[in-house]
Amino acid sequence: MAEAGVAFPQVFVVDAQAGVPPPATCPQPRHSPVSHRVLYLLVTLALCGVAVEACFIYRLYSPDKGDSGMGLKDFKDGRGNEVLPTEMSSTTLKPLQASAHLTEVSMPVQENGELNWGMNGDAFVRGLEHKAGMLQVQRAGLYFIYSKVSFAEPSCSLFKHTVQRRTPRYSRSLELMKATRFSCRRPKPSEPGTLNSYLGGVYHLHSGDCVFVKVENHTLIRHHDTTDNFFGMFMI
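Here the sequence shown is numbered in the UniProt record's numbering, starting from 1 and rising by one per residue.
Note that these hints are calculated values from the structure, not bench results. Honestly, I wouldn't trust all of these hints.
Said to hold, decoys possible - DSS-like, lysine-lysine: derived pairs with alpha carbons at most 25 angstroms apart: (1) Lys178 to Lys131; (2) Lys160 to Lys148; (3) Lys148 to Lys178; (4) Lys148 to Lys131; (5) Lys178 to Lys160; (6) Lys131 to Lys160; (7) Lys131 to Lys214.
Assemble the whole structure, with the sequences as input and the hints as a guide.
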């Protein structure tokens with residue numbers, strides 16, 4: 001027991017089972033609503049890009065609706081194999097232009113040197129009139145005119161090859177093209193000594209104009225087949 005008048009210190013009881021207070025937690029950072037919007041925008045743009053690319057791929061590999069309704073299974077050959085349809089051009093076919101090609105020279109050549117042409121071999125006349133060795137124009141326009149003749153090499157004489165035009169507008173024929181050859185070389189007996197002359201050009205002709213071929217020293221003309229001499233024209 002404590003004696004009267006004597007002071008004793010107070011005794012505190014420490015609870016050894018008391019827990020340690022938890023550490024202070026740091027506040028979590030708040031996400032800004034602006035960053036969320038930017039993220040959503042980027043994701044949306046990416047999805048839109050994927051959708052657009054998918055549309056392009058679909059249009060690239062899908063059949064055109066403008067094509068005929070027949071599928072590939074409708075295009076089959078005689079053995080039942082599938083055949084890819086050919087693409088038809090949308091360009092409208094133009095009507096056939098006037099043209100002619102004459103290949104047969106009537107032998108012997110007449111005295112005035114004008115060549116008469118037959119219709120043998122590959123000869124044809126379309127949209128023009130063939131009469132008396134001439135080609136008569138039915139429709140005005142630009143025409144390419146050509147002529148080739150084969151002839152023996154002249155012996156100290158002149159050979160002249162011309163393409164001429166006869167028109168109601170003039171009283172005489174007009175010379176469109178010409179080629180001349182003069183030689184004094186005598187070919188050896190073993191050499192054929194055959195030459196050729198070619199003329200060609202574009203001219204504007206009127207309806208009713210006639211075009212023909214004329215030569216000077218006509219006895220030199222040689223004709224063995226349809227490739228030796230020809231005359232023609234076509235509208236361009």
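Hints, one by one, checked against the model:
1. Distance restraint check for Lys178 and Lys131: the Cα-Cα separation of roughly 22 angstroms lies within the 25 angstroms cut-off, and the hinted pair is therefore satisfied.
2. For the suggested pair Lys160 and Lys148, the alpha carbons sit about 12 angstroms apart, so the restraint of at most 25 angstroms is met.
3. Using a Cα cut-off of 25 angstroms, the hinted pair Lys148 and Lys178 holds, with the two alpha carbons roughly 11 angstroms apart.
4. At roughly 19 angstroms between alpha-carbon atoms, Lys148 and Lys131 fall within 25 angstroms of each other, so this suggested pair holds.
5. Of the pairs offered as hints, the one joining Lys178 and Lys160 holds, with about 7 angstroms between alpha carbons and a cut-off of 25 angstroms not exceeded.
6. Among the hinted pairs, Lys131 with Lys160 is consistent with the structure: their alpha-carbon atoms are about 23 angstroms apart, no more than 25 angstroms.
7. Restraint check: the Cα-Cα separation between Lys131 and Lys214 comes to about 15 angstroms, which is no more than 25 angstroms; the hinted pair holds.
Taken one by one, the earlier hints all hold for this structure without exception.
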